[in-house]
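> Chains as they are written, first to last, in this note's numbering: chain A, 1 to 322; chain B, 1 to 508; chain C, 1 to 371.
One should not assume that every hint holds.
To be verified - No farther apart than 25 Å at their CA atoms in a straight line, the calculated lysine to any residue pairs in the SDA-like style are these:
| hint | chain 1 | residue 1 | chain 2 | residue 2 |
| --- | --- | --- | --- | --- |
| 1 | A | LYS250 | B | LYS427 |
| 2 | A | LYS254 | B | GLY285 |
| 3 | B | LYS427 | B | GLY285 |
Claimed, not checked - Just a few of them, taken from the derived set where beta-carbon distance is under 7 Å, the chain A residues facing chain B:
| hint | residue |
| --- | --- |
| 4 | THR121 |
| 5 | THR123 |
| 6 | ILE198 |
| 7 | ASN201 |
| 8 | LYS254 |
| 9 | THR255 |
Because the hints were derived from the structure by calculation, they are not lab data. None of these values were measured; they are calculated from a predicted model. We put the CB at the ideal spot given by N, CA and C, even for glycine.
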Amino acid sequence: MEAADILSLLSATLRISTPLVFAAMAGLFAERSGVIDFGLEGKMLAAAFVAASGAAVFGSEWYGLILAIISCVALSMLHGFASVTHKGDQVVSCVAINILMIGLTTALAAAWFGQQGLTPTLTDDRRFFEITLPFVKQLSVIPVLGPIYSEVISGHYIFVYIAYIIVPCVYWIVFKTSFGLRIRAVGENPNAVDTAGINVNLMRYKALAVNGILVAFAGAYLSTAINANFFREMSAGRGYLALAALIFGKWKPKTALIACLLFGFTDALQIRLQGVPLPLVGVIPVQFIQALPYVLTVVLLAGFVGKAIAPRAIGQPYIKEH
Amino acid sequence: MVSQPILELQNINKSFGHVQANKNVSVIVNKGDIYGIIGENGAGKSTLMSIVFGYYRADSGIIKINNNTIDIKSPHQSILSGIGMVHQHFMLVETFTVLENIILGFEGEFIFGEKLKEAKKNLEKLCKDYNLQIDLDATISDLSVGFRQRVEILKALYRQAEILILDEPTGVLTPQEVDELFKILRSLKKEGKTIILITHKLNEIMNLTNKVTVMRQGEIVGERNTQDTSKEELAEMMVGRSVLLRVEKQKAKIGEVVLEINNISVKDDLDVMRVKKVSFKLKKGEILGLAGVTGNGQTELLEALTGIRKIESGEIKLEGTTISSNSHFSNPRELREKDVAHVPEDRQRMGLVTEFNASENIIFGYHHKPPFSNSSIMMGSNIFNHSNAIMKEYDVRPISPFLKTSNFSGGNQQKIILSRELNKDPKVLLVGQPTRGVDIGAIEFIHQRIIDMRNKGAAILLVSVELDEILSLSDRIVIMFDGSLVGEKINENVTDREVGLLMAGITN
Amino acid sequence: MVKAVDKTKVPWWVANVIVPLVNLILALFVSGLFIFIAGENPYQALKLIIYGSFGYLEGFGYTLYYATNFIFTGLAFAVAFHCRLFNIGGEGQAYIGGLGVFLVGYYLTGFPISIVWILAIAGSMLFGAAWAAIPAYLQAYRGSHVVITTIMFNFIASALMVFLLVDVIRDTSQMGPHTVPLAEEQWFPMFREIAGWFGMKVGYSPLNITFLLSILVSLGVWFLIWRTKWGYEMRAVGHNTQAAIYAGISPQRNIILAMLISGALAGMLGVNEILGVHHEVMVNFPAGYGFTGIAVALMGRNHPIGIFLAAILFGMLYQGGSEVTFDMPNITRYMFVAVQGVIILFSGALENLFRPQIEYFFVSKLKEREA
């Protein structure tokens with residue numbers, strides 16, 4: 001493998017991991033507060049549809065993003081209403097939202113734009129664009145670091161940069177603010193929070209609001225940045241991969257990020273490995289490589305790479321006991 | 001110095017469903033008191049204090065703090081009113097540090113910075129002032145129970161509690177930790193704090209408090225200045241004149257030893273040793289009553305004897321053969337095969353599947369063998385006939401085998417469990433709290449059945465917090481206090497007072 | 001705030017028929033809203049659905065054909081649910097089950113038909129169960145949440161089957177990724193054939209005798225869950241794991257058993273699609289039936305009778321739905337996927353939304369009547 005290949009692989013890794021990072025951070029807030037969130041997939045899809053439609057109709061990708069955020073927060077609130085207020089089964093609520101979104105996004109896309117579930121292709125002015133960081137030409141002559149700067153770090157969509165800045169922000173919010181302290185407490189021992197005089201359910205709704213905002217970015221990225229439209233079921237399981245990354249990362253921002261990068265790397269690799277003969281095994285069928293992230297998820301969840309301990313109170317609606 | 005009332009409760013009433021936990025309770029606590037509230041299980045002490053803390057709301061009654069009437073709607077309000085509570089089950093987040101647990105809800109700032117440093121300094125000062133040595137940066141899961149309790153106390157003090165309520169604080173402490181706690185409480189009193197101590201242990205009352213109120217079955221039965229009363233008087237008020245629920249029973253025909261418990265020690269889920277080298281023997285045809293207030297290790301003991309919780313050391317022998325020890329452990333199915341039956345303390349959590357119908361619960365645990373099932377197929381008519389017959393025999397009402405178990409009253413649910421476990425005439429019967437939440441009529445019935453078993457030659461261990469029950473059914477009585485057995489008496493002319501004292505930890 | 005009712009006074013038909021019905025009506029109302037937003041007339045759509053699914057014989061045949069698939073996947077989800085497990089992997093298990101059917105039929109070409117059929121059905125169950133085995137084991141012994149693992153196995157199944165259909169077992173005489181067709185003698189009789197034996201002329205529909213098989217299987221599942229030791233133990237573990245341990249029942253064994261049976265049931269979808277209709281394996285033949293099974297099970301309250309009725313309802317939605325997509329250009333089949341989601345929402349997550357009001361209403365009406 002040549003240097004250029006490696007650089008392109010790294011760059012692709014960053015690009016592909018980005019939606020996973022947003023979704024994993026979103027899931028982190030919800031799950032840390034004690035609410036199961038298998039619904040990242042559905043919300044991501046909703047965001048993708050709304051962002052692309054919004055950009056097409058209102059003429060700017062930023063409108064699309066804002067609408068996507070509103071939609072995802074609404075869905076998170078719905079999940080909260082069912083789970084926190086009505087104490088319904090959280091898994092069922094997530095499954096319902098996922099299936100509903102798979103159907104509704106494509107159905108409305110087809111109904112409104114008439115192209116079998118595609119939203120109109122966004123022209124360049126209504127789409128996010130790749131950003132070239134300053135001094136790329138000048139710095140690229142520096143050995144090793146130069147090409148890394150110009151090929152790997154520069155040239156991404158703004159979402160990518162936001163994603164990697166968000167991670168330390170999330171870390172900081174969750175571990176260095178009172179808001180984060182309370183969210184974590186609610187997920188571990190809601191009784192302790194109640195007896196400290198804080199409203200448990202309200203904390204969970206707040207966490208879900210943050211969850212909605214973050215996952216919207218993931219979806220908008222898919223349909224208004226790396227692609228120029230929404231197409232059906234475009235999230236392709238990323239919501240579940242993000243959740244697996246979160247679990248593997250033990251619900252911590254830094255380790256979840258590494259897991260996301262791992263998934264991204266695997267995906268980037270599989271595209272490049274298709275049809276390429278490997279030593280000993282020859283050409284691996286493309287489908288096997290495509291299945292790699294999913295297999296990896298199962299392996300991670302099997303706990304062979306360390307036991308993941310979930311927030312203690314997760315999945316249980318808060319009911320005072322006596 | 002004239003004592004000022006700092007907390008006043010007037011005619012507090014609270015019911016949960018049809019159980020009245022507090023009936024017209026009125027209490028006056030003066031500033032600087034160490035005020036004790038003593039009573040047995042179900043006396044209503046914890047409920048009362050939970051109302052003061054805002055965890056529950058009273059159905060009626062008035063709460064006054066410093067002569068101002070306050071409607072306490074939530075813990076937030078009571079905290080602001082200067083009330084701090086150290087709960088029986090700690091309200092701590094295991095993964096947080098001491099500091100984080102204490103400031104939770106009272107952080108003072110959004111971003112941790114100056115206020116956090118200030119808080120730490122203030123806390124360090126509090127620790128010094130009250131002699132509460134503790135490492136603020138330690139993680140709760142690394143701390144012993146005694147230290148965790150200190151965190152709870154610090155939490156209350158940090159939130160500027162003037163009134164500190166402690167609910168059964170010494171249940172989980174070692175004797176040394178208890179001494180430490182007492183020292184802390186005394187220095188708190190010196191600093192002008194008021195302390196309310198809820199306990200069932202007379203020692204603590206006599207040692208610490210200056211005033212004591214006795215509660216029984218939701219009501220106040222007496223109030224005294226501690227120095228003006230005695231352990232005996234308090235014990236008697238605590239357990240009351242025994243209601244004449246004595247069952248008529250013939251003299252016991254006691255045979256040889258069936259179950260031998262040798263030096264067993266058992267830990268609870270938090271890794272605290274709850275049963276400390278307990279030994280006793282169960283004999284054929286005898287009812288051994290194990291008395292004691294909840295939380296002294298009886299639950300863990302019973303779970304160990306029935307294959308649900310492992311034994312740290314010691315062994316259990318059935319008819320001479322070791323069936324359980326540290327290395328090998330008989331599970332519930334094996335124990336049933338060996339004719340050891342178990343009526344669990346918590347019928348809804350363990351003894352029944354409330355969503356099942358009555359007939360399904362009547363065969364629970366025995367469902368996999370004939371006549372209830374034959375090569376894995378459930379024999380519906382056998383099950384139905386059996387259920388019908390047994391519901392008649394045990395007077396379970398209504399006699400509807402297909403009615404969902406959650407629709408039966410507590411007493412009838414208990415009878416279902418009893419009918420199931422007694423049905424096969426077990427050699428050993430291990431019973432926990434058989435009449436908890438059961439109405440009078442069913443209590444008599446259940447007691448009679450247990451006596452019948454004993455007359456048929458079963459070896460019975462009766463674990464109960466109801467002293468009446470122990471005294472009326474047992475042939476022999478042992479008392480469990482703080483994980484050890486503290487007294488053994490043949491049940492002839494034993495008085496309530498004697499046992500009550502032992503239950504409250506007075507062993508001389 | 002409605003006053004809480006004494007739960008014992010609520011008649012079973014209120015809890016198990018009225019409340020689900022109200023939830024269904026709510027779901028349909030919200031679905032109607034979606035259709036309206038999509039720019040079509042919901043009332044018109046409803047009429048088309050009813051016509052398309054019951055209005056003519058062939059349409060009815062299609063309805064029952066779809067229902068057959070939903071019965072299998074609904075039963076699959078329900079069995080696992082009785083043990084408190086969410087098997088979302090019905091899609092993948094059905095896919096692999098179909099592979100099992102095909103392999104049996106293909107390699108036993110020429111054998112007596114009864115043997116082939118029995119072994120093919122067994123093959124579908126075996127393969128389906130096998131695909132649920134790993135998630136089952138991981139949940140029971142490693143605590144890995146079965147929802148995620150089964151979803152992952154859906155994706156893996158997809159990849160595996162595409163690989164097989166493109167590279168391994170493809171019908172090389174054709175362009176598309178599908179297998180050779182099975183020998184005609186192995187095909188399940190279709191209802192129009194059977195009708196033909198009685199002299200009735202019936203148009204084409206995919207309805208075949210698998211429908212009858214699905215009814216038999218429903219009875220079998222009912223028997224298993226409520227009349228066998230295995231069902232009893234699975235339900236005990238699902239309702240109250242602590243009590244199950246007290247009674248000497250092993251949670252791990254029952255988790256695995258429930259998942260294997262669940263996978264086997266989902267696998268039987270392959271019998272309908274391959275022996276009954278297409279006679280060959282194509283890419284993505286489960287086509288979402290696995291997910292619909294979830295809605296069917298939740299609506300049918302995890303009981304075979306309810307599942308049967310819900311399966312018919314969803315069959316109506318599918319068949320009527322395709323009539324709608326034909327006539328209304330703005331509505332695609334995905335709209336009906338959304339409808340499923342709404343139904344799951346109201347029958348599952350929000351099932352108690354109006355339960356207090358409904359129960360209160362009926363209990364007070366009954367009290368009035370008694371007084």
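> A closest beta-carbon separation below 7 Å is what the hint needs, so does THR123 (chain A) meet it against chain B?
Violated: closest Cβ of chain B sits about 42 Å from THR123 (chain A), beyond 7 Å.
> Is the straight-line distance between the alpha-carbon of LYS250 (chain A) and that of LYS427 (chain B) 25 Å or less?
Violated: LYS250 (chain A) and LYS427 (chain B) sit about 49 Å apart, past 25 Å.
> Given the hinted pair LYS427 (chain B) and GLY285 (chain B), is their Cα-Cα distance within 25 Å?
holds (9 Å)
> When the nearest CB of chain B is found for LYS254 (chain A), is that gap smaller than 7 Å?
violated (16 Å)
> Hey, does the ASN201 (chain A) contact hint survive, CB to chain B under 7 Å?
Violated, because the Cβ-Cβ distance from ASN201 (chain A) to chain B comes to roughly 13 Å (cut-off 7 Å).
> Mind checking the CB of THR255 (chain A) against every CB in chain B and telling me if the closest is under 7 Å?
violated (15 Å)
> Does THR121 (chain A) pass the interface hint, meaning its C-beta sits closer than 7 Å to a C-beta of chain B?
violated (44 Å)
> Going straight from one Cα to the other, do LYS254 (chain A) and GLY285 (chain B) come out at no more than 25 Å?
violated (65 Å)
> Any CB of chain B closer than 7 Å to the CB of ILE198 (chain A)?
holds (5 Å)
Comparing the model with each earlier hint shows violations of hints 1, 2, 4, 5, 7, 8 and 9; every other hint is respected.
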